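Visitor: Residues per chain, in single letters:
There are 2 protein chains.
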Amino acid sequence: MKRIFCMVFCLMAAIASAQVKEDFVPASNAQQGKQYPQVNSERRVRVKVSAPDAKYVQLDIGGVKYDLKKDADGSWIGESDPQDEGFHYYQLNIDGASVPDPSSLYYYGASRWGSGIDVPAADEDFYAVKNVPQGEIREIYYWSELSQSMRHTFVYVPAEYDKNPTKRYPVLYLQHGGGENEYGWPQQGKTAQIMDNLIAAGKAVPFIIVMENGSVAMPRPAGGMMGGFDFAGAFGNVLVNETIPMIDARFRTIPDSAHRAMAGLSMGGMQTKSVCLAHPDVFSNIGIFSGGTITVADADNTPGFRATNKLVFVSFGSRELENRVAGFGDGTDPIQETQELKASGANAHYYISPGTAHEWLSWRRALYNFAQLLFK
Amino acid sequence: MKRIFCMVFCLMAAIASAQVKEDFVPASNAQQGKQYPQVNSERRVRVKVSAPDAKYVQLDIGGVKYDLKKDADGSWIGESDPQDEGFHYYQLNIDGASVPDPSSLYYYGASRWGSGIDVPAADEDFYAVKNVPQGEIREIYYWSELSQSMRHTFVYVPAEYDKNPTKRYPVLYLQHGGGENEYGWPQQGKTAQIMDNLIAAGKAVPFIIVMENGSVAMPRPAGGMMGGFDFAGAFGNVLVNETIPMIDARFRTIPDSAHRAMAGLSMGGMQTKSVCLAHPDVFSNIGIFSGGTITVADADNTPGFRATNKLVFVSFGSRELENRVAGFGDGTDPIQETQELKASGANAHYYISPGTAHEWLSWRRALYNFAQLLFK
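In order, the protein sequence lines correspond to chains A and B.
Position 252 (the first sequence) corresponds to 252 in my numbering; numbering is contiguous.
Position 323 (the second sequence) corresponds to 323 in my numbering; numbering is contiguous.
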């Protein structure tokens with residue numbers, strides 16, 4: 001009996017082991033000189049961490065916690081099930097402590113700086129650092145009278161910007177999602193790489209991209225600060241009345257609505273919708289990534305919208321769209337609504353990212369597709 | 001006996017407890033919305049982390065591991081002895097795992113991305129983000145033929161740079177230390193804040209600062225890559241033959257040695273010395289922070305040095321200098337050597353940062369003092 005049990009058990013263990021393909025390589029998000037985290041051709045993520053006195057260590061990725069095994073030297077190692085292509089936040093769980101993987105690079109998302117990993121994608125070339133003319137990400141601070149604070153912002157300028165000292169450029173205001181901040185688009189979003197590659201290939205016209213922090217802490221009337229998040233009120237106020245004038249003064253922009261766009265992902269998409277419908281005279285170009293759409297009713301009920309709007313672009317990851325249409329939220333179909341908007345006369349487009357969920361590869365691809373339509 | 005022991009023990013515990021002043025506030029390096037890490041007026045660092053199943057958790061800072069205590073809710077909390085003013089790398093030890101504090105911001109040093117904390121300094125105003133005209137940190141990539149790779153670099157430009165489209169500027173090439181990278185000066189170094197504040201106060205002339213990665217991975221003749229670090233050979237070669245021409249082509253520089261400086265901290269100071277002595281026709285201005293000095297013999301044995309050099313600046317933290325003069329390294333006194341260099345006719349200066357060791361407050365203060373002497 002004991003022997004039969006062992007045979008069955010050993011066979012099962014062998015099958016489980018055989019299922020993991022041993023072609024792991026260090027991920028692009030491994031720190032300089034570190035060998036982990038790794039990914040294999042099945043898109044499994046493997047991590048390794050030294051924790052000699054720990055009772056248990058887990059890899060926490062995609063909403064699942066995977067138990068790691070302890071090596072003789074006190075290191076814990078193990079891998080996840082296959083993940084979707086693209087970027088995923090993850091963390092380690094060491095005896096109940098949720099901590100960053102000490103071997104990975106760190107990103108701001110899920111309301112914390114923590115680990116992230118890129119599972120190679122079939123189309124990853126579009127966001128690779130390549131030897132093409134390189135734009136710049138410029139880190140700037142500016143004083144906000146409304147929020148009584150110095151605000152921190154990233155601005156992408158195309159490679160040709162400093163070579164054409166009199167040329168003026170359109171501007172896209174591009175927002176992160178909930179639990180993220182202004183580092184999202186420059187870092188996990190790969191904004192500069194996507195734009196440099198598109199512009200080098202002649203697929204997008206050169207434009208400036210402003211990446212703001214979508215939360216604004218407002219001073220309370222009685223002093224002290226009021227908690228940060230609102231969908232568009234305080235942020236829209238700062239954006240329209242402070243950020244845009246600052247950008248138009250500091251950069252060589254074309255300061256009119258036809259040459260100004262706003263886009264965002266998830267919460268940033270909802271902010272985009274809210275701000276753009278409140279200010280159709282300010283933004284003529286709209287991108288909403290995984291954050292809803294502009295309906296025919298939105299367009300018709302917004303005075304000036306039909307006259308000024310030049311572009312509406314809507315995108316989703318295929319996996320989140322399946323969930324959404326199947327009953328997520330109010331059960332409406334944002335793709336159908338976008339088609340209806342187009343049929344009503346708007347220049348409306350949609351894009352569905354194949355095989356991705358509510359994650360950054362959906363949004364890298366959204367930017368890649370949106371940018372090719374913008375300002376043309 | 002038992003009672004006496006308890007009385008003594010309790011008294012000792014009370015004294016120990018009374019010694020910690022309960023005026024902790026969140027550090028500037030706490031993540032957005034997080035309450036820890038904290039510092040108090042005694043310059044103690046307090047951390048808190050949830051690790052309900054851990055056997056032990058320690059705060060590892062300044063070479064000492066401090067045991068944390070477990071709360072009823074599974075959180076571990078505790079504080080260090082008083083630290084020096086300024087910036088310190090630190091980490092947590094959870095059951096033997098060295099991991100970043102999940103509540104702190106992260107910095108690259110000690111050959112890893114990990115936690116850092118700023119203990120407020122009496123003079124911290126000089127590196128604060130203030131509402132003065134703001135320069136920019138520009139993130140750029142460029143192709144290096146020598147290393148067959150895209151290199152990643154940060155460039156500070158002063159606030160007035162884009163407002164004076166024909167004016168040209170001097171350039172400082174500013175290097176990090178061993179185990180650090182190109183993020184060191186923009187992040188823990190507070191380069192932009194120091195320069196913006198100095199320029200706004202009229203204490204420094206506006207100039208450009210280039211912050212490179214001092215390690216260069218060179219392609220092997222037979223393919224593959226050769227390990228990165230050397231003191232100045234490969235890096236100096238890339239810097240002089242690729243970085244400087246790229247910067248002079250891309251930015252409005254004054255492309256001569258009189259208007260070009262190199263400086264660095266620790267390993268970066270040693271690289272500075274090596275590169276500048278090898279290329280006195282390229283760099284006329286030298287800053288060595290915690291990394292040695294230029295001796296009279298160095299100056300006399302370098303053809304061209306006496307004719308071209310305009311400035312030598314040497315600095316140390318007072319604590320490391322005490323150790324050094326007391327026998328560190330070869331037991332020479334770099335301050336005395338700098339004074340001798342000055343007496344021999346060079347424009348040599350030195351600065352000693354009070355109460356700091358081989359850490360970033362020494363180097364922030366070094367940049368602050370060096371910048372006021374440069375290009376005048």
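I should point out that these hints are in silico values taken from the structure, not numbers from a laboratory.
As the structure is a prediction and not an experimental result, all values here were calculated from the model.
Worth double-checking, as some hints may not be accurate.
Said to hold, decoys possible - The calculated lysine-lysine pairs, modelled on DSS-like cross-linking and capped at a C-alpha distance of 30 Å, are: (1) B/K48 / A/K65; (2) B/K48 / A/K167; (3) B/K34 / A/K55.
Visitor: Given the proposed pairing of B/K48 with A/K65, does the C-alpha separation stay at or below 30 Å?
Guide: holds, 23 Å
Visitor: Compare the distance between the alpha carbons of B/K34 and A/K55 with 30 Å, and conclude whether the hinted pair is satisfied.
Guide: holds, 27 Å
Visitor: Sort out whether A/K167 lies within 30 Å of B/K48, counting only the CA atoms.
Guide: violated, 52 Å
Violated hints amount to a single one, hint 2; each of the other numbered hints is respected by the structure.
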